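Those protein sequence lines, which keep their order, are chains B and E. The first sequence runs contiguously to residue 239 in the UniProt record's numbering. The second sequence runs contiguously to residue 225 in the UniProt record's numbering.
Honestly, I wouldn't trust all of these hints.
Claimed, not checked - List of simulated lysine-lysine pairs, BS3-like, C-alpha gap at most 25 Å:
| no. | chain 1 | residue 1 | chain 2 | residue 2 |
| --- | --- | --- | --- | --- |
| 1 | B | K55 | B | K18 |
| 2 | B | K27 | B | K13 |
| 3 | B | K55 | E | K181 |
| 4 | B | K13 | E | K181 |
| 5 | B | K109 | B | K155 |
| 6 | B | K27 | B | K109 |
These are calculated hints, taken from the structure and not from any lab test. Since this is a predicted model, take the numbers as computed values, not measurements.
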Amino acid sequence: MIYVKNLHKSYGKLEVLKGIDCHIREKEVVVVIGPSGSGKSTFLRCLNKLEEPTKGEIIIDGIPLNSEVNVNAIRREVGMVFQRFNLFPHMTAIQNITLAPVIVRNMNKAEAEKIAMELLAKVGLSDKAHEYPDHLSGGQQQRIAIARALAMKPKVMLFDETTSALDPEMVGEVLAVMKDLAREGMTMVAVTHEMGFAREVGDRVIFMDEGIIMEEGEPDEVFSNPKNSRTQAFLSKIL
Amino acid sequence: MGLNWNAAIESIPVLNRAALLTLELTAGAVAIGVVIGLIMALGRLSKITILRGAAITYIDFFRGTPLLVQIFLVYFLIPKLLHWQELPDNYQYIAGIAAMGLNSGAYIAEIFRAGIQSIDRGQTEAARSLGMTHSQAMRHVILPQAFKRVIPPLGNEFIALLKDSSLLSIIAIEELFYSSKIIAGRTFQPIPMYIAAALYYLVMTQLISQWVAYMERRLGKNDLR
Numbered sequence: 001m002i003y004v005k006n007l008h009k010s011y012g013k014l015e016v017l018k019g020i021d022c023h024i025r026e027k028e029v030v031v032v033i034g035p036s037g038s039g040k041s042t043f044l045r046c047l048n049k050l051e052e053p054t055k056g057e058i059i060i061d062g063i064p065l066n067s068e069v070n071v072n073a074i075r076r077e078v079g080m081v082f083q084r085f086n087l088f089p090h091m092t093a094i095q096n097i098t099l100a101p102v103i104v105r106n107m108n109k110a111e112a113e114k115i116a117m118e119l120l121a122k123v124g125l126s127d128k129a130h131e132y133p134d135h136l137s138g139g140q141q142q143r144i145a146i147a148r149a150l151a152m153k154p155k156v157m158l159f160d161e162t163t164s165a166l167d168p169e170m171v172g173e174v175l176a177v178m179k180d181l182a183r184e185g186m187t188m189v190a191v192t193h194e195m196g197f198a199r200e201v202g203d204r205v206i207f208m209d210e211g212i213i214m215e216e217g218e219p220d221e222v223f224s225n226p227k228n229s230r231t232q233a234f235l236s237k238i239l
Numbered sequence: 001m002g003l004n005w006n007a008a009i010e011s012i013p014v015l016n017r018a019a020l021l022t023l024e025l026t027a028g029a030v031a032i033g034v035v036i037g038l039i040m041a042l043g044r045l046s047k048i049t050i051l052r053g054a055a056i057t058y059i060d061f062f063r064g065t066p067l068l069v070q071i072f073l074v075y076f077l078i079p080k081l082l083h084w085q086e087l088p089d090n091y092q093y094i095a096g097i098a099a100m101g102l103n104s105g106a107y108i109a110e111i112f113r114a115g116i117q118s119i120d121r122g123q124t125e126a127a128r129s130l131g132m133t134h135s136q137a138m139r140h141v142i143l144p145q146a147f148k149r150v151i152p153p154l155g156n157e158f159i160a161l162l163k164d165s166s167l168l169s170i171i172a173i174e175e176l177f178y179s180s181k182i183i184a185g186r187t188f189q190p191i192p193m194y195i196a197a198a199l200y201y202l203v204m205t206q207l208i209s210q211w212v213a214y215m216e217r218r219l220g221k222n223d224l225r
């Protein structure tokens, strides 16, 4: 589904990604962990070209991510959920969800709204369809952001620290939605600090540090028996 | 000080008409200015060097030269550029509105640019990550939020323009200041006439700022911040 070859990313002299190779299979749930500044968010953002790679190759669903023409086509297939939700504040929840299907996929409005209501039901917010984001809690906003990304019927979902900006009591409701998605067979790449989530639904854990993949493997294996000393040091701090 | 207010009182109907003309000139100029301003702001933020350069040149020129000079330039330049042998009736209104519109376009461009840039980067990223093109993201996500934010500075620009429209007296447009000046000269009562003119301007600028405040409240009703 996603092939990444020798991916490099620099900001001026600062090299954030120093050669990432990985392959993410269809229906796989990959959890990316690592200390802050390790390049994990940058890696994720390269996957839908919010960041322009300095070097290397990314192929998503058979389409190489190299020209501007392909970018919008790829982004339609790759949903992204952000740490700070980024809902459109001038639109209600349902307008947030229907906007892209209507203007990007040329779906008619009635159909888009029907799908939006189904998605709102799925994330447990049917009663909030006509609320503006500012009237919703962080957890509710994030669930709507997930619904908004799903409305484009993406083949892959990227989650960039989606629970890090939430109050602790709201983390669970967002993780529950993500777990449902994983169980339904969505291909997912999630940068997260939620190790419980990684263990429960992750098929594979990637540990990144200093811009490279230091270790990867099945969650149980990586968490209980990390081989790399950096992984050991990181896990001992957070577990 | 023995001021004679009769002339001012008797000229109220004339001043009313002149004030209305002032409002019309200003509204016309703002309409042109908003369109030019939006185009120039988008040009200023464009990745395409030529567009950006053209927008910067435009903005620098109209902000860096006096409006009075621009009024004369436009007044004499339009017939030359369009090869008019004789000027149409009421040509001064066309030139006046055009000059003020071109001028305010430069200021409004900077207002829009600041408004667009004040919108969080995450908004663009969210829009683009949903597959929207740059212009779709601008139109549906960034500009609606930016417009709301620029209402107060836009209101200030509207007020500044209304006051600056008095400069149009120089090309014999019978707006408020021109009319006051003519009557003052005829009646030898400059002080009452200019006080009257000042009051008219004051009432109009107050009305505009009230209206702007109302629009701001109305459009801001969904924001808790």
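* Asked: Which of the numbered hints above does this structure break?
  -> 2, 3, 4, 6
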